[in-house]
Amino acid sequence: MFLAARRWTLALMFQEFYGSFFQHPVMLWAIPLLYVGLRFRALSGLERPSFLAPYLKLVTVGTLLDATLTTESIIEWASVSPGLAQAIAIVFVILGDFRVLYLVLRLHGSPYQTGIAALAMSLVVPLLQGLLTQIFPEWFANVRHTFLVYELLFIALLVALLLRQRKLENEPGVQLARDVLVYALTYYCLWATADIIIVAGFDVGYLIRVIPNVLYYGVFVVFVDYRASVRPLGTRSLKATLVVSLIALLGLPLGCSRADGSPAPCGETRPVSTEAPRVAPESARIRLGDPKGEGREVTLAEVEKALGAGKKVETFDPYYSAHKAFWGWPASEFLAWAFPGQGEGGEVELRAVDGYEVRLSLSQLARDRAFFVYADAELPSWAPIGPRAADPGPLYLVWPGEKHTDLTTHPRPYSVVALRKVSEEKVRFGPPEGFAEGTPERRGEELFESRCIRCHAMNQVGGKVGPDLNVPRNILEYRAEADVVAYIRDPGAFRYGTMPSHPDLSEEDLSALTQFLRAMQKFKHDPGSKGAH
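Quick note: the sequence shown uses this note's numbering, first residue 1, plus one each step.
If you're looking for bench data, these hints aren't it; they were derived computationally from the structure.
Only a predicted model underlies this, so the values are computations on that prediction, with no experimental measurement involved.
Some hints here could point you the wrong way.
Unchecked claim - Taking lysine-lysine and the DSS-like style, the derived pairs with C-alpha atoms no more than 30 Å apart in a straight line are: (1) Lys524 <-> Lys421; (2) Lys421 <-> Lys403; (3) Lys403 <-> Lys311; (4) Lys522 <-> Lys403; (5) Lys305 <-> Lys421; (6) Lys421 <-> Lys311; (7) Lys403 <-> Lys524.
Hey, can you work out the whole structure from these sequences and the hints?
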């Protein structure tokens with residue numbers, strides 16, 4: 001229970017601060033405004049106007065508009081088109097990011113102390129990034145590259161202005177550069193540390209990633225003002241703000257819901273377009289293979305040309321722990337086009353970019369109306385997915401609605417780069433005639449095929465995510481049976497990784513699995529070993 005609650009909370013926090021494109025109003029403006037209010041109360045009557053004026057002119061107003069206009073309410077209350085709403089959102093995101101630049105410069109007597117001048121300078125970053133995107137569209141198709149270049153350009157602009165200020169003011173500029181550099185390094189080190197931990201498979205990395213985002217977007221105003229001005233309240237205003245920040249952070253997952261009461265991430269936005277986005281002509285390539293070993297490569301643009309624009313599908317996504325909307329094609333239509341004249345029976349094998357393979361029956365895909373999706377309908381680009389924060393493209397398999405969220409019975413392979421139609425012949429392990437009906441070995445074989453083969457292979461047949469369980473050595477030849485049983489039931493108790501837990505398996509089921517594994521020691525076949533034929 002505790003483990004499930006922890007994963008749910010971390011998933012919501014991750015989606016709130018990193019999976020969504022815009023930050024939550026509580027962190028964007030309520031917390032900085034609290035600090036400004038506490039500072040304002042402590043100042044004398046003559047000091048108040050000069051302290052409050054910059055916030056009234058740009059900082060507070062810009063932050064408030066940033067938080068309000070980039071939410072789903074803009075389309076409702078302003079009655080504007082989705083395209084105009086997106087344009088307004090982009091403008092205010094720029095204002096929101098670069099109010100930091102203006103505040104730093106204003107508090108240190110920069111020659112660029114007017115808000116208009118600072119914002120004009122800040123436009124260099126989005127304009128330059130837009131130009132680079134046009135020149136290198138394929139490279140910028142990766143959302144990580146986009147964020148990386150944006151951050152680097154912002155730092156370059158800030159450094160350029162600081163060098164200019166150093167020249168004019170000598171030592172104060174050096175001190176300012178040193179202070180801002182320490183703050184920036186702290187932020188990026190936390191960010192990089194979180195990514196390293198997530199890639200290693202530990203979900204605590206999501207919590208670490210929340211910390212720099214809250215500091216960067218919510219408390220930068222507090223940081224700059226606190227270090228640069230006289231503090232009549234001592235540390236009381238800073239401590240009060242940080243306490244409220246922590247309470248708001250812990251309370252956000254509890255207050256995230258839709259109007260109908262269903263759970264949703266606080267940062268969730270409504271789709272920015274009512275029409276499916278067009279696929280770029282030079283889109284990612286998908287490998288299509290058939291049982292005879294023949295195959296071809298197609299682009300998503302070719303799929304779009306054959307099947308038409310993508311259809312919108314809504315689902316509760318267990319990876320994002322949120323209701324999501326995507327653009328894609330029904331799997332049955334996609335596969336009928338991909339493998340013409342090969343019938344509606346059999347299975348299809350999906351392979352992801354990391355080597356993960358899963359087989360699914362065409363009848364299940366059609367019955368439960370699965371979709372191959374290629375774009376997020378709520379965000380301009382894919383949000384990272386899974387324990388390793390992967391890019392879900394080019395294809396991601398989803399199941400519509402809220403019923404099919406069990407990844408054991410309805411897997412959702414993402415980053416799919418190859419599909420192969422496989423014959424309807426059933427793979428049999430063990431003796432040529434198969435294990436006898438009604439035996440524990442036969443029951444264990446059925447459990448292996450339904451629960452394990454998507455990630456683990458047996459005699460090199462099956463998934464490639466986990467190790468082969470029989471060759472070159474059977475797992476029970478180097479692991480104690482009790483440890484194997486405990487690991488199958490709850491792998492998270494041993495280490496963080498991608499293997500799901502199986503709390504629903506009974507003692508009888510686990511015993512059947514281990515008996516099947518033990519029986520397979522007599523039927524080893526390793527096609528990849530020397531002398532195999």
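How the hints compare with the structure:
At roughly 26 Å between alpha-carbon atoms, Lys524 and Lys421 fall within 30 Å of each other, so this suggested pair holds. For the given pair, Lys421 sits about 27 Å from Lys403 by alpha-carbon distance, which is consistent with the 30 Å threshold. Between Lys403 and Lys311 the CA atoms are separated by roughly 20 Å; this keeps the pair inside 30 Å, and the hint holds. In summary, the hint linking Lys522 to Lys403 is not supported, as the alpha carbons are separated by about 41 Å, beyond the 30 Å threshold.
With a CA separation close to 22 Å, the supplied pair Lys305 and Lys421 stays within the 30 Å bound. Distance check on the hinted pair: Lys421 and Lys311 sit about 24 Å apart at the alpha-carbon level, within 30 Å; holds. Taking the CA atoms of Lys403 and Lys524, the gap is near 39 Å; set against the 30 Å cutoff, the hint is violated.
In the structure shown, a violation is registered for the earlier hints numbered 4 and 7, in ascending order.
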